[in-house]
Amino acid sequence: MNVGIEHYVVVSAILFALGLLGVILQRNLLIIYMGLELMLNAANLALVAFSRFNNNPDGQIFVFFIITVAAAEVAVGLALIVALYRKRQTVQVEDLARMKL
Amino acid sequence: MNLALLSHEWLVVALGLCLLVADLWTPASARRILGYVAAAGLGAILLYSLIAVRPELQPACGNMYVLDGLALFFKRFFLAAAIIVLLMSAEFFDRLQAGIGEFYALVLFALTGMLFAASANDFALLFVSLELITVTFYVLASFQRTRLNSLEAGVKYLIMGALSTSFTVFGIALVYGISRKLNFNDLAAVAPQFGGNRIFLFGLLLVLVGLGFKIAAFPFQLWAPDVYQGAPSPTTAFLAVGSKAAGFVLLLRVLFVAVPDITAQWSRLLIVISGITILYGNLCAIPQRNIKRLLGYSSIAHAGYMLLGIAASAATIANTTQNPGAGAAAVLYYLGGYLFAVLGAFTVICLALRHVENEDIPALAGLGQRSPLLATTLTLAMVSLAGIPPLAGFFGKFLLFKAALAQGPAHPAYYWLVAAAIAGVVISLWYYFGVVHAVYWSKEAANLSPISISRTMRATLYACVAGMFFIGLCPGPLLDCAAEAVKALRL
Chain A
1 MNVGIEHYVV
11 VSAILFALGL
21 LGVILQRNLL
31 IIYMGLELML
41 NAANLALVAF
51 SRFNNNPDGQ
61 IFVFFIITVA
71 AAEVAVGLAL
81 IVALYRKRQT
91 VQVEDLARMK
101 L
Chain B
1 MNLALLSHEW
11 LVVALGLCLL
21 VADLWTPASA
31 RRILGYVAAA
41 GLGAILLYSL
51 IAVRPELQPA
61 CGNMYVLDGL
71 ALFFKRFFLA
81 AAIIVLLMSA
91 EFFDRLQAGI
101 GEFYALVLFA
111 LTGMLFAASA
121 NDFALLFVSL
131 ELITVTFYVL
141 ASFQRTRLNS
151 LEAGVKYLIM
161 GALSTSFTVF
171 GIALVYGISR
181 KLNFNDLAAV
191 APQFGGNRIF
201 LFGLLLVLVG
211 LGFKIAAFPF
221 QLWAPDVYQG
231 APSPTTAFLA
241 VGSKAAGFVL
251 LLRVLFVAVP
261 DITAQWSRLL
271 IVISGITILY
281 GNLCAIPQRN
291 IKRLLGYSSI
301 AHAGYMLLGI
311 AASAATIANT
321 TQNPGAGAAA
331 VLYYLGGYLF
341 AVLGAFTVIC
351 LALRHVENED
361 IPALAGLGQR
371 SPLLATTLTL
381 AMVSLAGIPP
391 LAGFFGKFLL
401 FKAALAQGPA
411 HPAYYWLVAA
421 AIAGVVISLW
431 YYFGVVHAVY
441 WSKEAANLSP
451 ISISRTMRAT
461 LYACVAGMFF
471 IGLCPGPLLD
481 CAAEAVKALR
491 L
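Protein chains in written order, with the numbering used here: chain A, 1 to 101; chain B, 1 to 491.
Please keep in mind that the hints were generated in silico from the structure rather than gathered at the bench. Keep in mind that a hint or two might mislead.
Unchecked claim - If you want a taste of the chain A side facing chain B, the calculated C-beta under 7 Å gives, among others:
no., residue
1, A46
2, N56
3, D58
4, L80
The model shown is predicted, which means the values in this text are computed figures rather than measured ones. Ideal placement from N, C-alpha and C gives every residue a C-beta, glycine not left out.
Make the full structure from the sequences, and use the hints.
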């Protein structure tokens, strides 16, 4: 069987959907954050595959930017979640409901 | 490479780094002064920009970055907003337990992201500048680490922001996969042939999701009220003005430079989103008790009004009309008036509600006696946001509605959109005047001690009031700038 661009795109779409499901269904902030990372990496996979099959290096260079930015985002995000845990001793989303009408 | 074109960005980054270093040698008691230094530095950069920089069509960095009229308009806008925000945060310093020096530096780095966003002509730069703004705002929103509301706001912004980023990146991947282009100009050349390609259109839609999150348009507005309420007031002010305007400049570039032909097909979608955003923001603002939360809902409504201008421009691509740039120029003008009204309102919130745990509207009671200047500024800001003549908000709304009505004969949907917008304006009078009522006529004033205002804050308030009046009474200069700026778009 030849692995074509469709296979890569389908796999990346499945990964993206799994990440999105995780974000929507999970109640733990850390697991939600893992889902978000999975979504970003699904996009990376699609970009690299498109770049390879289109013979155009722009996509691969863009992936480096995404990886770098995602690392910065994780650093800030985990620090925030730790700060929240220190204050409330919980990382469940149900407990983030102080501000309401 | 033509790095001289990036002078605004270099200067702001250098200022931010100098500030971080200077923070090490400054005693804690004097750190507050650094904010004034940073604001003065930005003032110098703004002056340099006004005097020395002319819009050139030269691209830099392989055509990723352009310095055209639109970019320059927004760069000056962001610089002006950041100056007021820095002065506001210098006043706010006693409520920021973590280092105030870092707060100033982060404001400058977020500003750098906005400056890059104003010039982005490529999906890669769009993504990087958007993330520079968003990631900095995660920290700025949760800066009061000991206040639970601030942390909660930060975490909510983090999750929603990261989610919208993933949508944007996946959308860019699909657009790139089909068209092989990341650059807006290259994409514009090939986009018409993909008008029927579903994957391409889906990718573009996902990119718009990310931008819709930035400007807080329906249905991506859920984060706005909570984050506006919980974040420190200077952050909220910068989020309401800078971050929203950055979303709009990117939206204008993507819609009218990269894919104008597809935007013309999507005018109906823009009409629907704009109408729902206006009604949602205004209706949900009515029962609010917290003034920052109220301004959060009102900012959603204002995003809707500005989307109305973009929807009006989208229709002009297909049918040639007399004045094709009217809608987009009205958006730029509206942002100018919005800047002074929102920053004025948040400066008042910073000063008047200094010793109050929650910024509830009843806490404003008696402000008319405590400080006539603060009361007048807040009233004028509310009046301008509501859109009552002669202030800036009225003429901005007038121009937006006029641009939309001009498209009415061809597409009757625009009449319905303007009707919804006018209904929104009428609803908004109710809650804006609720604030004014609390300021002057509330009977439950407990504390009537006068509020002392420092000289810089007094000057800031005067500047905001003067801005609202000037833009409203002589709209000519700003309108000319806006009309000149939108020539960069393909309308």
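Index of numbered hints that the structure contradicts, given in increasing order: none
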